Amino acid sequence: MSNFVKVTIFSLFVIGVYTLFSVKYVPPIKPEEPPKEEAFDEGSMTVDEFVSLGEVVYNGKGACTLCHTPVGGRAPLLDNIATVASERIKGAGYKGSAKTAEEYIRESMVSPSAYVAAGFGVTGTNDKESPMPDVRTGSIGLNETEIKAVIAYLQRLGGAEVTVVTPPQAQEQNAMEGKQ
Amino acid sequence: MSTSALNLFGRKVFLILLFAFSFLCVSISFDGSRNISFAAETAITEPVQGSSVTGDSVKQANPPAPKLKAQDYPKIKGVNGRVAVWLAAQMHLWFAAFVLAVPIFVFIIEAIGMATKDKRYDEMAYEFIRVSLTAYSITAVTGGLLLLSLIVFYPDLMKYLSSIFGPTMLLYALFFFVESAALYIYYYGWHSMDKGYKKWAHLGVGLLLNGAGTTLMFIANAWVTFMMSPAGVDIAGSFDGNIWHAVHNHLWNPMNLHRFIANIAYGGSIVGAYAAYKFLSARTMEQRAHYDWMGYTANLIAIGALLPLPFAGYWLTAEIYAYSQQMGITLMGGVFAWLFIIQAVLIGALFLAANYYLWCGLERSEGGQRYTKYIKYIAFVIMVCFLIWFTPHSLILKPYEAKALGGQYHPYLGPLGIMPAKNTAVNIMLLFTFLSFLLYRRANKIAAVSWAKYGNAAQGAIFTAAIVNIIYLGVYYGYFTNTVYKVASSVPQVMSTLAVIILCSVIDFFMFSGAKEASPHRWGRMPDRSQYALFLIAVSFTWLMGLMGFVRSAIRQHWHVYSVMRDTSPDAYTPTIGYAANVVSVGTIIFMAIVIFIFWLSQMSTENKYGAADE
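Chains A and B are the protein sequences, given in the same order. Residue numbering for the first sequence follows our numbering, beginning at 1 and increasing consecutively. Residue numbering for the second sequence follows our numbering, beginning at 1 and increasing consecutively.
Rather than coming from a laboratory, the hints here were simulated on the basis of the structure. Bear in mind that the values here come from a model prediction, so they are computed numbers and not experimental data. Think of the CB as a built atom: it goes at the ideal place given N, C-alpha and C, for glycine as much as any other residue. Do not take every clue at face value.
[What the hints assert, rightly or not] As a list, the in silico PhoX-like pairs of lysine-lysine whose alpha-carbon atoms are at most 25 Å apart:
no. : chain 1 : residue 1 : chain 2 : residue 2
1   : B       : K159      : B       : K77
2   : B       : K445      : B       : K376
3   : A       : K36       : B       : K67
4   : B       : K516      : B       : K445
5   : B       : K69       : A       : K30
6   : A       : K36       : B       : K69
7   : B       : K67       : B       : K159
8   : A       : K128      : A       : K95
9   : B       : K445      : B       : K117
10  : B       : K117      : B       : K199
11  : B       : K75       : B       : K159
12  : A       : K36       : B       : K75
[What the hints assert, rightly or not] Residues from chain B that face chain A, not an exhaustive set, calculated with beta carbons under 8 Å:
no. : residue
13  : S281
14  : W338
15  : I342
16  : V345
17  : L346
18  : Y532
19  : S540
20  : H558
21  : Y562
22  : S563
23  : T574
24  : N582
25  : T588
26  : I589
Next up, chain B with everything else stripped away, as it sits in the complex (with noise of 0.2 Å):
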């Protein structure tokens, strides 16, 4: 290891100590906070809704949440505390949001590679772990920001969900050790690990580092979703003792799945954008190849996570509806409503985004013009699915605009805005977009099994009885039976949705096993343009990400705790979408700029070891 990897090293570990012992001794310091007398409230015998707390429990001494004046919110001149935690917070969980994704991504792209002896993996492994590096410790930093500006600005509510959540802050510095840990020896262990047995026990860091960083995930969960469902405290937020309650709080396992989901999908696609990057800037026919592949790869992973997402997120909506009716309808039917069309544009940006660039790819084989055909039809479905999921049901209009219209809503449109019409143009689209997945990995090769016309047609079956299926659920729940049961179409249509994935998966494997090469697949072969597809998908994630960061903590209102701590400050009011829109850009802004600053720098290391090879 060279004299300035070791500084460099230094450098981070100090840092990242730093970040653990200010966690340490500000759990500590507030654990101690029980004896602290808050305003006095008198115990109500009632649990919260949804707490698996009894009236018995009520009893203990621990104290109700502290009911807050406005003048107990500490403020700096100049300094808006709620925007400042809002981008810290923000920030904190993009970059960790993408150190977890990176090395789940890397595991698995080692473990590829491992399996298929093809060295390219290991290298892109590699690769990206170095990145990860760098974005670690800036994790660490933006942590630290976040818990300073909580400190600073909410005191109160830090020393309340301190003194419940006291022992899993210090287990989450235990886990951040470990994770500390077990980074560096994936790394640096790298090229020393690299063959026989230690090669699996290199394998194993990787699954120790991932099992690490997804723990920290679930506790840091727990804190934000007890916030919005708390359990194990009665309705004036005494804690009953038992922190598995407070922990396992109504919403906690949903958001863990969600976010699971969603950070794989999010390392893809920064993955992609790297890959896109280096692509564009190749000066070698071999370098190009390279990162075509590698962002190939990268986009296979975040389109394939990004496949069962919506799925993660109706169980994460459903369950906030089966705790409170009312956040239910404040998020979907509220004024938040207008945000789901923000987020339909996004996502419909993805899905064409990512089809694109799996049409484009059909161009790196001769074999793959067999089916540009159908891709104008795909493009056709995938646009009128958008612009349904795209379709608001009400309408905001002026009276004069209203009356000519008879009324709030649209007489043709207007249909199109409810849920079950939005949740069949979605399933639709998915199933349309891994139509194109079949069809690009398809391109250069020819079914070779005597089976392979009744393959293509049990194919064509499957998909066309589960669009008819699809369509007839969307249709007859959404309009044939009372509003309580229009969400009732989602499950089926998922699930018709996930059997076609299923069923033409296999039945492609098997159809093409041993299938004959139509021509050479050429990597390096995709138009320049092609690449933007993967910026698109980046840019996109990061501001979803950052827009539905935003509404999940927006429905609690005017809350910190959802009905048992209020938010008593001047800034307890909910933002517009507008305004909220752009605290989010400006935020991915710096988040982009950051992270092209820690491209530059991996890029900069391996030019220092390497000499200007990499270019």
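Same shape as in the complex, but just chain A (with noise of 0.2 Å):
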């Protein structure tokens, strides 16, 4: 067998090994689907729907699942965060602006730094600086319905009360401030 044939068995041969683990052995795992540009019908939504919604996001185009999870540890848990926030903000550490756990989880999400849990900072700031970008930026780029949505579902979660006004009550909260 002359070597050119031998060097190019030789050659097809490591490639096609290359190829077999990567299609073979390694889980097929399907990536997930570019989030769509959901237009949603924020005037007919019930609380339910905005919770939904809210979850939705969280797991998808949020992209908070990438590190709020057991799994690697890189950011805290957010089942409990409703009942957390109640307390952090009263905490003598605190120094953000949040007077309810609603504003306490929406400054989190706009305003990662304004407080940051221990042991979650980047690395060499002594906890003073968030790794986590704003959500209304960059490639979250959530918008307001997207992230009261989150707060609710949130909430909803750790089994508080879910504080957020959806689109309809606030509405109709408008309404009746037209009206008085």
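Given two chains presented individually in distinct reference frames, assemble the corresponding complex, making use of the accompanying hints.
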């Protein structure tokens, strides 16, 4: 057999092994579809629908589960954040501007360095700076409705009362204020 | 210069001019796109993460990045636009790496030849610049294909990028001319500029050639890294007008360093494969000795560049994390985590092949037999390190398997899946590869200095101390600190490895200065099977480059320009690793076939000139 044939067979064999390994051995994980720019009818949303929207955003477009998950432990778990938030804003170490649990969750999303949970700050900043981005910016880019929906979802997740005002409730409130 | 050579030269110049001209036309025409009205979007006054742009700068007139719809992407029946661009880009990158790497390699070899006055170096350098010449034309052709496919399938992205990078595209064309001119002078002037000051001038042309080539790569890197870590634009993508902001984005420097080192390693590997083929085909002992020596030198350069490559990779990855934690996690902890298991297999294969080649090299001299008894221990350590690197962290399990295992992680192997364990393994693997090299280097020598015993003891102590330190750092940071500090072990581990390489090299250099010869070093006395290690290295490097190119690009996910310009085409989804592996394999086969064709052309031109002398 000529050297050319031998070398060709050897090279194809090596490429074949790498390909087979990647195709057969590596689990065929299908990456998530790109998040869709969903148009939701804010005017008719119930609280439950609002919470559902929050869950979708939390697990999808918001990319929250990349870090807020037991695997890896890169960021605090949020299962009980509504209760934790109520206690945290009363603590001496809290220097943020939130007065309620809802405001605290919102502050954590749009201004993550206002308060950084112990052990989760950027290395070398003594927990003064959060590695989390402002969820309104960058590749996440949540809008106001989506932020509120995530807060509602997190409140419901922890078994707390959903205090976020849904768009229809806001309309009602505005109407009431207008009458008064 | 013969007529046929002139004709060939003319054809190549025509091709290159054609590419440069089309490039100029595109960059000039797209540069005018600043006046094109894109779909309006209100400019947001917050700068992009990592950008140096202030809120004031968004008041400029430059339009935001276009917001595209699926129908904005042209379709050609029967052609998948993304795969076409993917293959064209990958093919161009391989050839570009080849034609950037080989002149670097040739320049180093020519300089060594001048310093040592050994004509073999000069002949080898010339042999390779001849190969590079044909590859240069094909690089221009694949570059033209890439440009064309981008314009056809992603016109709006090209418009947007050109509206920012237009001037650098003109600069790119200019440097392309400089590189072409320098390459032709370097090649065609090789024999007429081979003595006295002319030889120095020739080396200077080689430096100019490499300077222009490297600048070209840096310019192209600016475009690519801008798509990953955009700077000089606001959140809506409006350009602030300062092109340096866009060029000098967060990932530009790490990418420049990583690609520069990788190119040297890649060039060495391809030259090694060429030498291996010629070695196997050699009919005389003289030819066999020549190509054995060529293969060894090429492999030495390839592995020499491979050793610092993981460190450049760490820096790039750390900067990706620093720019966007989300992007960093997508890279290392998300769906692409398994890709790094494939990478571990490939790099493990590279290291095993490189070590195997060095061990076979011990046969060149009878003196080498003194060290063959250590091979099994080195092989054992490298295999253990390879298996640790290869161990995945989380397993994809069926529910009953997870239940039986008590979770997603294997109770004993799971801890080996985390980064500190892998960092520890790769550093020890590097150290033992270096040990193989040290043994090979002293195979035919006996140290003549009186302090040789102490020198050996010092080297042993340095190795031991470094290994203990690397393992301690890996264990402490890996299992006794918070998650966010786990990667902190990598820098001191790398410093330990580098310290060993530098200190032991210095000791070895002085210890073996004026050494006695244990037995003659006979080039060509290598088993044929050793040459397949060189093929394995070249093929693995090519495949690895394709795979890592995929992940670098894929971590942008559904963004053309991360967080600024969204990809809304039907192909915006991230493909599975298996699918990517198939594309990379097809690309590798096409690339290797063309490289073999280039080698064949080069051999044919030698035969024309010297008859069948080469054979």
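Each hint tested on the structure:
At roughly 23 Å between alpha-carbon atoms, K159 of chain B and K77 of chain B fall within 25 Å of each other, so this suggested pair holds. The hinted pair formed by K445 of chain B and K376 of chain B meets the criterion: a straight-line CA distance of about 22 Å does not exceed 25 Å. Taken as a hint, the K36 of chain A and K67 of chain B pair is honoured in the structure, with Cα atoms around 14 Å apart against an allowance of 25 Å. A threshold of 25 Å between alpha carbons decides the hint, and for K516 of chain B with K445 of chain B the separation of about 6 Å falls inside it, so the pair holds.
Restraint check: the Cα-Cα separation between K69 of chain B and K30 of chain A comes to about 24 Å, which is no more than 25 Å; the hinted pair holds. Using a Cα cut-off of 25 Å, the hinted pair K36 of chain A and K69 of chain B holds, with the two alpha carbons roughly 12 Å apart. For the given pair, K67 of chain B sits about 13 Å from K159 of chain B by alpha-carbon distance, which is consistent with the 25 Å threshold. The straight-line distance between the Cα atoms of K128 of chain A and K95 of chain A is roughly 11 Å, inside the 25 Å bound, and the hint therefore holds.
A distance of roughly 22 Å separates the Cα atoms of K445 of chain B and K117 of chain B; the hinted pair therefore holds under the 25 Å criterion. Among the hinted pairs, K117 of chain B with K199 of chain B is consistent with the structure: their alpha-carbon atoms are about 12 Å apart, no more than 25 Å. Distance restraint check for K75 of chain B and K159 of chain B: the Cα-Cα separation of roughly 18 Å lies within the 25 Å cut-off, and the hinted pair is therefore satisfied. A distance of roughly 22 Å separates the Cα atoms of K36 of chain A and K75 of chain B; the hinted pair therefore holds under the 25 Å criterion.
Restraint check, S281 of chain B versus chain A: the minimum CB separation of about 5 Å is within 8 Å; hint holds. Because the beta carbon of W338 of chain B sits about 5 Å from the nearest beta carbon in chain A, less than 8 Å, this interface hint is met. For the restraint placing I342 of chain B at the interface with chain A, the shortest Cβ-Cβ distance is roughly 5 Å, inside the 8 Å limit, so the hint holds. The beta carbon of V345 of chain B is positioned within 8 Å of a beta carbon in chain A (closest approach about 6 Å), and the interface hint is therefore held.
Contact between L346 of chain B and chain A, as hinted, is supported at the beta carbon level, the nearest pair being about 7 Å apart and thus within 8 Å. About 6 Å separates the beta-carbon of Y532 of chain B from the nearest beta-carbon of chain A, less than 8 Å, and the hint is met. Because the smallest distance between the Cβ of S540 of chain B and any Cβ of chain A comes to about 7 Å, under 8 Å, the interface hint for this residue holds. Because the smallest distance between the Cβ of H558 of chain B and any Cβ of chain A comes to about 3 Å, under 8 Å, the interface hint for this residue holds.
The criterion of a C-beta within 8 Å of any C-beta in chain A is met by Y562 of chain B, whose closest approach is roughly 6 Å, and the hint holds. With a least beta-carbon distance of about 4 Å to chain A, the hint placing S563 of chain B at the interface is held under the 8 Å criterion. The interface hint given for T574 of chain B is met, as the beta carbon of that residue sits about 4 Å from the closest beta carbon of chain A, less than 8 Å. Here the hint on N582 of chain B is kept, as its CB sits about 6 Å from the closest CB of chain A, short of 8 Å.
The beta carbon of T588 of chain B is positioned within 8 Å of a beta carbon in chain A (closest approach about 6 Å), and the interface hint is therefore held. Annotation: interface hint on I589 of chain B holds; nearest CB of chain A at approximately 6 Å, less than 8 Å.
In this structure, none of the earlier numbered hints is contradicted; all agree with it.
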